[in-house]
Amino acid sequence: MAATLDQSLATNEDQQLIREAALRFLEEQDPIAELRSLRDGEEPSGVSPAFWDEISALGWPGLLAPESFGGSGLGFRELGVVFEALGRHVASTPLLSSSVLATTALTLVGGWEDLPKAADLATGASRVALALEETNRFDLDRIETLATRDGEGYRLSGRKRPVLDAATADVLLVVARIEGDEDSLGLFCVSPNAEGVGMTPLRWIDGRRAAELRLEDVAIGADALLGSRLPRRELVEPLLDRAAATLAAELVGVSAEAFEMTLEFLKTREQFEQKLAEFQALQHRCARMFSDIERTISIVQEALRALDEGDADRSILASAAKAMASETARHVTEEALQLFGGLGMTEEQDIGLYFKRARTSSLLFGDAPYHYRRYARLNGF
Amino acid sequence: MPIQGGFSDFESGLVQWLDEPAAPDFSKSVEWSRRLGERGLLAPHWAVEHGGAELDKEQVRFLESELRARGIRRTVSGGLEMLAPALLEYASAEQLTRFLPPIARAESMWAQGYSEPQAGSDLANVQMRCEDQGDYYLVNGQKIWTSGADDSDWIFCLVRTDPNASKHDGISFLLVDLSTPGIAVSPIVLISGRSPFCEVFFSDVKVPKENLIGGEGRGWPIAKRLLQFERNMLGSGGLSALTGRAGRKSLSEVAIEQIGLGDDGSLRDDALRERVARQMVDERANRLTGGRARGSDAARVSSILKLASSEASQRRYSLLMDLLGTDGLGWNSEGHSEYEASIPRQWLRSRANTIEGGTSEVQLNIIAKRVLGMPG
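These protein sequences, in sequence, are chains A and B.
So the first sequence is residues 1 to 381, counted in my numbering.
So the second sequence is residues 1 to 376, counted in my numbering.
So here's chain A without its partners, still in its complex pose:
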C-alpha cells in the first residue's frame, strides 16, 4: 500500500487517531479475505458474529447514538473517517443500516425513549433495520406503506424493498404514512416475528445483504409509533442528507484504496521491458484519478462538517458530496479494472470487490444524477 499518498478524510488529530485505529483494526481482522466466503456462505447477515462483536467492542455501533442511550454522541466527521476505513477494506457490516439509518431516524422523530431496550442499539447487542424505500430506483416521494387505525393501535400494510440488513435485524423500524394524515410519516417499531410480516432475503454483488419486507395487515400497538410523526420532508430530507454523506465517506475510502492498489500494480508490472508506470498515457490517467479523489475529499469533508455544525446549506453539500463521490468511485474503479488488465477480471484479485462496492454504494440513497437534480432543486432551478 502506497501509504505516502495519505488521502484521508480526517481534518484534525482526533479524527486522524480514530481513522488510524480503524485501519489497524480492519487490517488485523482482514475482512477482505473473509468477504468472499461471507458473500457466498450461509451466514445470513453477511458479517461474521465474531467480527460484529469486535466492532461492537470498539463502540462503532454507538458513534451517533445519544450518550444517554449508551452512545458516544460523536459527529459525522468522526463517523466519516470510520466509513472511509470501512470503504478501504470493502467491509460489509450492518453499521450503515443499524448505526446510521435507524439511529438517525430515531433521533429525528425523538423516539429513543419509546424504543424498548434502546441502549442495546448503541452497544451492538441488538441490530435495527430501517424499512424506508419501496422502489428499485431511489425515490423517497413514493412511500405507500400505510398505517391504518385499529382500535388503540394500528395495522401496517405495504411492501418495502430494499431494506438493508433486514433479515438479521432484531427490530424493524418501518416508515409509513398514517391514515387521515397524508402529509406526515411515522416511524413504527415492528418485530420481524410479528404475524403478517414476510421477508425475502436478498444477497447483493458486493456481499451486502438486504431484504424485501412484506407487511400484510400487521397489528401493532399504539406504543409502536416512536416519537412523533413528522411532515414527510422533515423526516425524509435530513435522513437522506445523513445517509448520502455517510455513503460519500465510504466511497472516498473505496476510491482511494482502489487507486493505491492500481498505482502499486503499475509500479511492479512489466511489459515491453519496462514498468507500466513508466508509460505517460497511464501516468496521466493516474494523475487525473488522484486529482479527482483529492477534490472529492474536499467536498465530502465539507459536507460532514456542515452536518455537524448544522449549516443552512448542509443538504446542498450532502448532495454535492454524494454526487461527486459516486462519480469518482465509479470512474476510479472502472479505470482500475482496465489498468489491471486481464488480472482485474479474475475473482482472485481484490480490485473486483472495489468495483462492485462502488456500484452499490453509488446507487444507494440516490446516484449521481439524482443528487445533481436534488442539488438543482435545493438551489432553486
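Computed list of lysine-lysine pairs in DSS-like fashion (alpha-carbon distance at most 27 Å, straight line):
(1) K249/B x K28/B
(2) K167/B x K224/B
(3) K267/A x K356/A
(4) K206/B x K167/B
(5) K267/A x K369/B
(6) K275/A x K369/B
Since the hints were derived computationally from the structure, they do not count as laboratory data.
Values in this document were obtained by computation on a predicted structure and should not be read as measured data.
The hints should help you fit chain B onto chain A, whose structure is shown.
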C-alpha cells in the same frame, strides 16, 4: 509605513477606513490596490521595510473577510503573487528593499519573461543570451506570451548566462526595467480578438549586474519555485480574473434568465440543468481544495488545482455559450447586450487556461512524477 495599517485599534480602525465616504467605489480594483498599498495592506503580512503592515494571521483573516464582504477586489498582480514570494526566498537583503516596496504599493507592474518561441512546455530550453560585459549584462533574444508586457514597468526573465553548461545549469534569473533602450514590445492578437499577451524583443539591452537574483547559473530552482506560486495564483481564482468578470455571474441565475423555470420549479431543459448543477459542484470542490491548499500541503495541491480550475473555467464558458445559444455568437455587432458580447470573447480566451502557466499535460506530469512517484 505605519505598523498594522496605522490604526490604533486594528479592527475598528480598518472598518472605519474601508467605509470612509471619500473611499473609491468598491468595484474599482486598481484604485483599491493603490489605496490598500499605501497602508501596507496589499502585502499585509510582510515586514514594514518591504512595504507590508506586519499583520498577524488573525488580522490578515479579518482583513480578507472585510474586503470580501464589501466585494473589494484587487488587481491580479504577478509581481505580488508570483515574483515576490520567490524573491523572499532567493534575493539578497538589498534586492528585497529595492524591489518589494513598489510591488507592495502597486506602483510597479511586472511581466513574466519565461516562454520563448522554442521554449514553451520545455521551458528550460530558453535561449535568450545574457553576457557578462564587466560592468553590466548584455541581453539579446525574444520572449513570448508575456501577459500585459505593454502595461508593465518591469519584466523578470529566464536568461542563458552559460551556453556551455548543461541545459538547466546555464539559466539565470534576471530583473529588467522595460524602459531600458533596446526593448520592443508587440501585442499578439488572439482568437478572442484581444491582446492579453505580447512578444518582447531584446537587442543589446544593458542590464545592471545587481539585477541578477541568486547568482549566475542558479536561475532554474528559482524559476520552478515561482511556477509553483503561479499555479497557486491561477488555481485559486486568478484564472477567472484573467479570463473575464462576466463569467462570475452566478450560473444558475444565467440559466434561469435564459431558459426559464417550468411549473415544477425546475429548469426547462433537463440536460442543461444537470450540467449547471455539475459545474457548480465542481467549482465548489475546487474552491474547497484551494482552501485546504493554504495549509501544509500547498505544493502537492498546486498542480491539482491548476489542472482542475483551468478545465472548470473552460467548461464554465462553454456552458455559458450553450445557455446563451445564438445570442452568444455576436462579434462586434449591434443587437447584442454588453453581457452577451463579452461571453464569446471570454469563452475564446478561456481556451488558453489549460495552456498558460504550464499546460494541463505538464501539470499531469508533475502530479504523476512528484506526487505519485511514477518513474521515467
